[in-house]
Every structure is written in structure tokens, then in C-alpha cells.
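Line by line, the protein sequences are chains A and B. FYI, UniProt numbering numbers position 124 of the first sequence as 124, with every residue one higher than the one before it. FYI, UniProt numbering numbers position 133 of the second sequence as 133, with every residue one higher than the one before it.
It should be emphasised that the hints constitute simulated quantities derived from the structure, not laboratory data. Only a predicted model underlies this, so the values are computations on that prediction, with no experimental measurement involved. Be a bit skeptical, because a hint or two may be false.
The calculated BS3-like cross-link candidates involving lysine-lysine, where the alpha carbons are at most 27 angstroms apart (straight line), are [as the list claims (entries may be wrong)]:
| id | chain 1 | residue 1 | chain 2 | residue 2 |
| --- | --- | --- | --- | --- |
| 1 | A | 23 | B | 207 |
| 2 | A | 279 | B | 163 |
| 3 | A | 160 | B | 232 |
Selected chain A positions facing chain B (in silico; Cβ < 7 angstroms) [what the hints assert, rightly or not]:
| id | residue |
| --- | --- |
| 4 | 137 |
| 5 | 139 |
| 6 | 141 |
| 7 | 285 |
| 8 | 296 |
| 9 | 313 |
| 10 | 317 |
| 11 | 320 |
All residues carry an ideal CB built from backbone N, CA and C; glycine is no exception.
Protein chains: 2
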Amino acid sequence: MKIGILGLGTVGGGVWDILSTTKFQEYDIKVKTALVRNKSKYISYEEQGLNLTLDPYEILNDPEIDTVVEVMGGIDKPYEYIKYALSQGKHVVTANKAVLAKHMEEFLALAKNNNAALLYEASVGGGIPLIKPLKQNARINNFYEISGILNGTSNFILSKMSKEGLEFADVLKQAQEKGYAEQDPSDDIDGTDMARKISVLSSTIFKKHLPLEHIQINGIRHIEKQDMDIAKKAGCDIKLIAKSNYENNNYKAAVEPVILKQNSIFAQVSDEYNIGMAKGDNLSEVSFYGEGAGRYATANAVVSDLLDIYNHEAIEHLAVDFSSTKVNPILADYYVRLNDTNKIEELKAKLSSYNLINLHKGAFIAEKITSSEIKNYADEINVANQNYFIARLDDALIPSELL
Amino acid sequence: MKIGILGLGTVGGGVWDILSTTKFQEYDIKVKTALVRNKSKYISYEEQGLNLTLDPYEILNDPEIDTVVEVMGGIDKPYEYIKYALSQGKHVVTANKAVLAKHMEEFLALAKNNNAALLYEASVGGGIPLIKPLKQNARINNFYEISGILNGTSNFILSKMSKEGLEFADVLKQAQEKGYAEQDPSDDIDGTDMARKISVLSSTIFKKHLPLEHIQINGIRHIEKQDMDIAKKAGCDIKLIAKSNYENNNYKAAVEPVILKQNSIFAQVSDEYNIGMAKGDNLSEVSFYGEGAGRYATANAVVSDLLDIYNHEAIEHLAVDFSSTKVNPILADYYVRLNDTNKIEELKAKLSSYNLINLHKGAFIAEKITSSEIKNYADEINVANQNYFIARLDDALIPSELL
Chain A
1 MKIGILGLGT VGGGVWDILS TTKFQEYDIK VKTALVRNKS KYISYEEQGL NLTLDPYEIL
61 NDPEIDTVVE VMGGIDKPYE YIKYALSQGK HVVTANKAVL AKHMEEFLAL AKNNNAALLY
121 EASVGGGIPL IKPLKQNARI NNFYEISGIL NGTSNFILSK MSKEGLEFAD VLKQAQEKGY
181 AEQDPSDDID GTDMARKISV LSSTIFKKHL PLEHIQINGI RHIEKQDMDI AKKAGCDIKL
241 IAKSNYENNN YKAAVEPVIL KQNSIFAQVS DEYNIGMAKG DNLSEVSFYG EGAGRYATAN
301 AVVSDLLDIY NHEAIEHLAV DFSSTKVNPI LADYYVRLND TNKIEELKAK LSSYNLINLH
361 KGAFIAEKIT SSEIKNYADE INVANQNYFI ARLDDALIPS ELL
Chain B
1 MKIGILGLGT VGGGVWDILS TTKFQEYDIK VKTALVRNKS KYISYEEQGL NLTLDPYEIL
61 NDPEIDTVVE VMGGIDKPYE YIKYALSQGK HVVTANKAVL AKHMEEFLAL AKNNNAALLY
121 EASVGGGIPL IKPLKQNARI NNFYEISGIL NGTSNFILSK MSKEGLEFAD VLKQAQEKGY
181 AEQDPSDDID GTDMARKISV LSSTIFKKHL PLEHIQINGI RHIEKQDMDI AKKAGCDIKL
241 IAKSNYENNN YKAAVEPVIL KQNSIFAQVS DEYNIGMAKG DNLSEVSFYG EGAGRYATAN
301 AVVSDLLDIY NHEAIEHLAV DFSSTKVNPI LADYYVRLND TNKIEELKAK LSSYNLINLH
361 KGAFIAEKIT SSEIKNYADE INVANQNYFI ARLDDALIPS ELL
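Starting from the given sequences, assemble the full structure and let the hints guide the process.
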């Protein structure tokens, strides 16, 4: 097996390191070439026998390279390179949920037609063996629900707010200083990253594509200390959770903050850790917990995929239904908090046909509603900058417990 | 693939049911014959086309049967049949941790010499995909610790004591009435079942056999409400936990009650649920959670193994080191409770070289000690019926937190 790596950053360098350990001397696996943006930074790799190139096509057109690892990030260029690699019959291993969520249909067709493998264990849940065990069990067991805490940055922020009683903005600033959050953290805190991951998981486990634009997404950008305080006073916590569900021929999907009891497994997932959970007919509930990111955890997942290709255990091609399907938001009880006291009365008036429970002057619970209905009404009354916070109440939580 | 099933009880019947669903029409898999003790009870299976036999050798000598599923329980007969099947080159899938913990060396040699697969996903953690993901990751990542709550009966009893404030004997009686506990529950409550499982996991993940007789085992037979009360007052819980560890060329293994904080993942594993956790160099911590038993969860694991054999993904033979190695008990802080007030003073005197923290007249904590030392001293002073309770304090717990 001869490998080309697109991107020699944190994960790409970790893959090289793992494959250089003595464990891999017995395998006929060699990383031949890596795409970098600047050769001088990576001279130490060159000294260890790795070819460096600035031209991706030196990898993609190399007949000796049978497997391409894409760990460069972004969407447009990875799309171009993955497509090209698969069309040449090269196997592809990627950690890139963004490009997968957008282009999986085209990738799967190319992989099948060119008898190439397309594996992506590292794309969801970093170091957690999640996709492969679920994919394999989906051969036997009908899964009808997948959920998870699948973004380390947002979970780190919420954990710190919960433990230390801090405001969102202060924690975000700290996280950025420590490198736990990007300078532009939008994908993480607005829920986009998790929506991509739940879309990839749904394609893999349900064999049904749930497009990003149909997934209800509410992030944590507007959460305040007062929201966490209300939850904690009631023995609860707030977590950003992705969930997709298939029942009665009806798909539901959402990424949104959830208020859940502290004595639940999800509430114990702290800091940058992730968890993925699936429910099925034989396996009523299985969960997988571990590091959501990190150099060696993520690289370990990439190498796991590489070994499956090496051992010819990755041949089965996913048959995913990409036809357009209505994806519904989740019907539940929702916590709503809005600091503008005039607007909150206007919003409550709009929601008068629902059962509302007042928590204090700025916050209430609306029962049996969807977040999209609440957001539509908030738009109608022009809440400035959409500056309100909504969170779903977990099924195990009774609204009155928050009083 | 033609299968013979040894034992058509809960799990065996579940395997038949799953393989009879429409999902499996596309596979060339057929269950041909099942061993039963009494044909009349299983006539409905015969009507669906399954041969029933009272003679195991009708399966073991059938040249058409290439794969044997052993789900009959016990040790001696499964040992005989599995050995025979492997020596005939038949693949074996078993859910039987007792026979594996005792005879794995012989089984692995036979499997290798006869080019047969030996798989046992169902033997540990019932429906949790645990063994395969760990085994696969062990190819890449050096795991140095495995731990888990791996017995549903004992965990059900401890959960109920914790939630409802009941005495051990009352909960055990209820569990037996509901069928959650056997009439002779010794293997479950004394920790033997979990010791077998941690031995099987250690062989699989560390590639090192830790024999049962070298694993320190303390069960929950002598736990009382007062022990749980002390833990709960301190925001803790008590769980029966198996753990094995490999560091600095030194193996440690124990199955024992552990006092751990309620805000930990293990404390959230309730009732008959199980969890398995592994720590390694690339994967700092991964956990797998789900149903520890149950007809379809366990049968799902058996069928998962069968599909791996069907897809020729089970060929790699485990190379386990069976040489004799010293296995040490765990050095930690231990909670000790003894109702006989004379004996407890005698025991404390014996332990005078250790730092002791008194909790109340019948209970104390001994710091930095092993459970085997405490048990040896208790034996020396002849505690009647070994009627004392000891529990390890989790690493995250400081002894003074229990005051």
C-alpha cells in the first residue's frame, strides 16, 4: 500500500508518526508523498524519507499511490481532489465532514464505479470508534435514532460555563486564547459542524441523506450565565446536542441546546470529549464515548481506516437514498429566554395557543412546539440580532422541574 | 454458510429470529441444526425448517455445517464441543466467557492450526460492540488499561440499593423473583463472572493472559445499606468494577466494589446496563456503553460475528502470551466496614502501620494498601464468615470527602 497525504498538519503529521512506529514494520504500508503549502516547514519529514510536494496532482496522478488521505480541511479543493482520486480508482480516507456532508452522493457513486473505498471514521467523533461499529451493526439491527455531543469546542465552552459560572463571551475568549476555539468559531458555536456530522451519520446508519439545509440548527451564541443558572438550580445542565430520528417513515433532525438532568450520561461528557448514541431494534441503546479531536486520536481513526483497506475489509459500498425527503424539526418542550421585556411579552402573545410556563420575567417554557415555530414568531416581531436563547427540554425532564 | 447452534435458549432462539428476518434473505446463510435438550419444546422451530437434535455430534460431525454457535452455557460440555468443532476446521462463535477464560489457550491454538475463526463478541458486554472495536484499535494503539461494569445482575442490585435505599438481601430477593438474578447468584454477586470477562478482555486487548486465580476478586455479598448511605451522603455511588492495567511491565487486575463520584460516567450506568472503557497511547480514553444482556442484544452480537466470518473478515488469529506472569492487586485507598466492634479494633491494630481514617465506629479508610493485605489481616483475626465489606476509593476521590 502506497499512500499520499493531502495536508501535513496536526492530523496528517499524526498519521505519519503512527505509521512510523515499530508496530507497522510488519505491514507493507508506505507513506510516499505529502502535499504541503510550504516545504521548508516540513524538512524533518523529508529527512525521514517522505516526498513533499506543492502540487496535489503529483499525488493524484502517481500510479504507484493507491490510497489518498485527505486531511487538509476546507471544501472546494478537497472536493476536487477526492473526486479526482476516486475517479482514478484510488481509495480515499478523509476526516472532512464538511466535504462529505455536501458531496457524499457524488463520492459514493464514484467510489462504487471505480471499485475504490471511501472511509471517514475520523470525520465524526475524532478518536471514537463510532462509524465502523455502527455501520457494521446496521447490517443486522435497524437503528431508528442517532444523537450525540459531537463538537469539542462548543462542549468545552458549555462545560466551563457550567462548572465555573462564567458568561459565554468570557469563556469563548479564553478558549480562543488557548487554541481550543478558532478565531472564527461560527461553525462550532452555531451548530453547523455538528449538523454536518449528524448528516454524515444519518447517511451511514439510516442509509438516508438528510441534507444540511433541512436540519433545524440552533447554536449557543446567545446563551448567557442566567440560562445555565436556571438549569443548574434544577439539577440540570445544558449541552449542544445533535439528533436525528426515523420513525413511522418520518425523519426528524436537529442540532440545538438541550437542558438535561445532571444524572444522565450525556451530562457527564465534559470539555472536549464527545459521545455518540444510537437506538435500534435489537440494540435498544449503545453509546460510544471518547476524545472528539486531538492529533493522535484523530490520526488513529485515519490509520484504522487505512488498515481496513489494507486488509480488504472496506469493499462494501454504502447504498444511500439521496432522494428528497421532508425532514421535520423536533416536537418538544422548549425553554425561551429574551432580555428585551417588551419583546418577550409580544412573543408570548404570539404563542398564546401553546401552553406556556413562566420561569421569571425574561424566560418561559413553551410546551409541545418546534423550535422553527418559535423562531418564526421571533422573526415576525423583529427581535434585534435574533438575540434570544432557546433550548429543548430533554424527554426525561418535566417542565415544572425547572420552576 | 451453514450453521449449527448448540443451545436454543434465550440467545440461541434470538439468533434464529434475527437470521430469519428479511434483512438476511440476501445472504447465503442458513441455520441447519440446533442442539436441544427436549425436542417437544421447540416444535415451532422445526416447523420453520430447523433440524432439532439431542446429539451434539450430529452438528459437530456434519460436513455441511461450517460454523458452530455455542450458546448453551456451562464449561465442561462447551469445552468438549468447541474443541471438537475447531479441530474439524469449523468456525466457532461463542457467548461463553466461562469456557473462554479457562480454555482460551487451547482454543486459539486449535483455531490457528485448523484455519478456523474463533469469535466471542457476545461473551463480554452482551449487546455492546466492544471486543471488535477494541481488538481492531489494538492493532494501532497500545492500550494499557481496561475497566468496566460488566455484570448486569450485580449492577442492577447496586443501582436499586442506591436509588431506593434498600438492603442487599431484599433487593437480591426481588431480583430473583423477577428473573434478573439466578437462584444461585454467586458468580454474579461474588465477582467471578466479571473476573472471567476482564480476563477475556485482557487476553484480547493486551494479548496477555491474566488467569482467573491471579485476579483479586471482592464481591458485593456483604454490602449493606449503611455502606451505600455513607457513599451517597458524600455525593458518591458504589459500583462493582473490573479493571486490568499494564504499566512498567507490571500487570494489575481486580474485580471489586468501587466508591466513585456521582458526576462520573460509570456512576450513570444503571440497572442492567454495562460499560467498557479502555485507555491507550493514541486513544487516551474510549468507552462503550449499552445493554449487558438481553435476548436480541446478545443475539445481535453473535450474528455480527457470523457476518464477519461470512465476509472473511475474521481470519487474523490472536497471538496471546500465555506464559505465567505475576498479576498484582491494585494499590489504593480502601473503605472497610465490619459490624463486630471488637473485631474492627483488632483489624485496625493489625493495620496500624497504614494511615487510617475513621468514618464511624464500624467503618474506616485505610490509605495506600491492597485489598489482599486487608483480607489477609481479616483472616488472621478470624472474622466470622468473612462478614466485612471492602471497597476501593476511585482515584478521583479524596478519602476526606467521605467524612
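Here is what the structure says about each hint:
For the hint linking residue 23 of chain A to residue 207 of chain B, the alpha-carbon distance of about 14 angstroms falls within 27 angstroms, and the restraint holds. Distance hint between residue 279 of chain A and residue 163 of chain B is fulfilled; the C-alpha atoms sit about 25 angstroms from each other, no more than 27 angstroms. With a C-alpha separation of about 25 angstroms, the suggested pairing of residue 160 of chain A with residue 232 of chain B holds against the 27 angstroms cut-off. With its C-beta approaching chain B no nearer than about 6 angstroms, residue 137 of chain A sits inside the 7 angstroms limit, and its interface hint holds.
A distance limit of 7 angstroms between C-beta atoms decides the matter here; for residue 139 of chain A the minimum to chain B is near 6 angstroms, and the interface restraint holds. Interface restraint check: residue 141 of chain A against chain B, minimum CB-CB distance 5 angstroms, threshold 7 angstroms, status holds. Taking 7 angstroms as the C-beta contact cut-off toward chain B, the hint placing residue 285 of chain A at the interface holds, the least distance being around 6 angstroms. Hint status for residue 296 of chain A relative to chain B: holds, with the closest Cβ pair at about 4 angstroms, below 7 angstroms.
Using the Cβ-Cβ criterion of 7 angstroms, the hint placing residue 313 of chain A at the interface with chain B is satisfied: the shortest such distance is roughly 5 angstroms. Below 7 angstroms, beta-carbon pairs count as interface contacts, and residue 317 of chain A has none with chain B, the closest being about 14 angstroms; its hint is therefore violated. Annotation: residue 320 of chain A was flagged as interfacial toward chain B, and the flag is violated, the nearest CB pair being 17 angstroms apart, outside 7 angstroms.
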